[in-house]
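Participant: Chains as they are written, first to last, in UniProt numbering: chain A, 1 to 425; chain B, 1 to 425.
It is worth saying that the hints were derived from the structure and are not from the lab. Just so you know, even glycine gets a beta-carbon here, dropped at the ideal spot from N, CA and C. Just to be clear, a hint being listed does not mean it is correct.
What the hints assert, rightly or not - Facing chain A, from chain B, some residues (calculated, C-beta under 7 Å):
| # | residue |
| --- | --- |
| 1 | PHE179 |
| 2 | GLY196 |
| 3 | PRO202 |
| 4 | ALA377 |
| 5 | GLY378 |
| 6 | ASP381 |
| 7 | SER422 |
| 8 | LEU424 |
2 protein chains.
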Amino acid sequence: MADSVTPSRPPLVALDEALASLLGKALPKLPAESVATFDADGRVLAQDLVSALTVPPRDNSSMDGYAVRVADCTAPGALLQVAQRIPAGTVGTPLAAGTAARIFTGAQIPGGADAIVMQEDTQPVPQEGGLGAVRIEIAPAAGQWIRRAGEDVAAGDVVLRKGERLTPAALGLAASVGFDRLQVARRPRVALLSTGDELVMPGEVAPEAMKPGAIYNSNRFFMRALLHRLGCEVNDLGIVPDKREATIEALRGAAESSDLIITTGGVSVGEEDHIKAAVQALGELQLWSLSMKPGKPFAYGSIPRAGGSAQGRCHITGLPGNPVSSFLTFLLLVRPFLLTLQGASRVAPEPVQMRADFDWPRADRRREFLRARRNAAGGLDLFANQSSGVLTSMVWGDGVVDNPPGQTIQTGDSVNFIPLASLLA
Amino acid sequence: MADSVTPSRPPLVALDEALASLLGKALPKLPAESVATFDADGRVLAQDLVSALTVPPRDNSSMDGYAVRVADCTAPGALLQVAQRIPAGTVGTPLAAGTAARIFTGAQIPGGADAIVMQEDTQPVPQEGGLGAVRIEIAPAAGQWIRRAGEDVAAGDVVLRKGERLTPAALGLAASVGFDRLQVARRPRVALLSTGDELVMPGEVAPEAMKPGAIYNSNRFFMRALLHRLGCEVNDLGIVPDKREATIEALRGAAESSDLIITTGGVSVGEEDHIKAAVQALGELQLWSLSMKPGKPFAYGSIPRAGGSAQGRCHITGLPGNPVSSFLTFLLLVRPFLLTLQGASRVAPEPVQMRADFDWPRADRRREFLRARRNAAGGLDLFANQSSGVLTSMVWGDGVVDNPPGQTIQTGDSVNFIPLASLLA
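With the rest of the complex left out, here is chain A (with noise of 0.2 Å):
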């Protein structure tokens, strides 16, 4: 077979262009379902979540104590007789002047009373009968240690958006209002594909009876842990031989069932990829050289299913056979594409500004994300090699330093850092 005419050196796509359009393509949404607040970590708000509560409903007491008037005890050492007795879930009656009610964390604040006394700096003086007498040690502020009605969220408040991913503490929230239920999008369902005929599976040939050649299919093994903490649904198919025919059938096989096909390697410009012929002969496809290191080549496809435009069409992403440039298209490209395909809001990494305690004096043409972790002194190290082949490198590193095309970075130089962690959870 003779090599086809190559093209020369294919003009580099920003990442940011590339990212924008490819945001532009995940349509339709997926559509809302209810499920169990306690089944709804990570998923993606389909509805704004309106308060019909005040909470806290009333003022009430953020500590164990005695519930007074500021104005019977501002001399210390006050001596108050505790007329009542307020455990959280209980209403007391208006406190009478000169009195004290004794008062537990949550509870109601009794008519008349304005500050609670906490019981530390109280002594409790024991009388026949009766709650007895309580001396106040310490004068109290007005208003202190009260928690007032609607400090956290009033009636009628929004106090969750549409398109917010949520997180254990945005379903305690939920919950403190009352929703037992929410609105979310629909899991994505993807489906997982490796090419290459390099590759076996581990557990299926020993590392001793290695063919010369062959490596380990790591891809697959971190892509399905990506997708799960995204909340998707996996369908792995394995690896597909590097053959046009079992490529194609694999495809248009998930395309059914799937709204995102995500294959890995297959996308260079060398012709031994079946991969792009492939979904060419299925639907449409674009190649990106996208000006990203690790991780220049990138594709975007679309494939018709079978009952035609009314079904709609499942996407694809082809991202490269490195481990390195997979991982990090899969986290720069394909997540910032699910999170929108289930209207999420916020889907784009967001750096912080770090010192770099490294040089790095070769600038690239392209945006290189280079792989780091914090020391102790509060800066960044660099791991020693940046190949992307290297998967060391994405565990010994806790995030990437964001490099603009064609810049270099001295010691003590600000630079932006994307934790991983952000990426992961």
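Guided by the hints, dock chain B onto chain A, whose structure is given.
Facilitator: Just chain B now, with coordinates in the frame of chain A:
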């Protein structure tokens, strides 16, 4: 019932001291079990992973292009006969002088070749029969686009250490050296128990039917989600009535099947709290008044299992009932405890230095955790309401400022910021 004599203001325990003491109690470590690498995300590794492989096993190409001898193409435009074709997964023959090998990403470099020219820097010259020739438009540097054998891992290297918490990248690394199964710590079994007669469940009581003093149980929602994110098996016992006998029964049952019982509410100094008495009746309890705001009261205890010492003891942590206090004491104390129980080597949150774009003029005698979020200018904004009842602060904020006791903050100051994402992944 008369009040028992209450202690005067108890001494504050430094958070670091309490944490060290708590982590010292995380014994015995949970036993190891073997799981599929595909299912090991988030688990703590219970073995050193030693590679039997060198990765990559041999020098290979990191580009689609041509393998050449640099000496043959020192002048731009050199024309070389294409003598062979080496797809990934196949092995070529030694490269004769004056020839090039068509080569693809991942394919092994043939003997004699000392550089790869990417195909964008070449022009194929078709010829009848054979593989044609290629014009090398840019003279290559020795070694370019060659990934060296062992660049990622050398045989005998420990690629992941015992105690490492597995991430998607770590799973990929383990797979890349052939591990399809991993020894990891068993998942912690955690029983969850809320107390407080004022608590009602969303879905059981509608907002308009809430009785005075009643509040929705929000802790149970975020706590379950936080525990699931930590890889725990959760046994949710719901809301236990504020009654001594009911509490004792619930704790006794949970101790039999759990590694840890987490209670929320019921550990402040007020005598309405039956948790303390119940744990003391069954086992041991230690109360801390933490130098921490929000989150002062915290309890650690243990309950022997029915089988006696051979069955060991169940740990118990008592968290405050206020949502933010409960959330933060979980993240700063219970999370490290559960990771330590699994043998994790890094368990403490790792703050980053950031610039405060706010003033905090009133110092507290306790160490404060102020809810804040990063702004577009690279600084931190503060949530207006820092009350411990205000769960909205944990949704609005993307982290907390760790502010030492007695410390005020002025705009422009450098502060310790703990990103929430780092505690949620």
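Participant: A separate judgement is required for each hint: does it hold in the structure or not?
Facilitator: Structure-based check of all given hints:
no. : hint   : result
1   : PHE179 : holds (6 Å)
2   : GLY196 : holds (6 Å)
3   : PRO202 : holds (4 Å)
4   : ALA377 : violated (10 Å)
5   : GLY378 : holds (4 Å)
6   : ASP381 : violated (14 Å)
7   : SER422 : holds (4 Å)
8   : LEU424 : holds (4 Å)
The structure does not agree with the numbered hints 4 and 6 stated previously, though it agrees with the rest.
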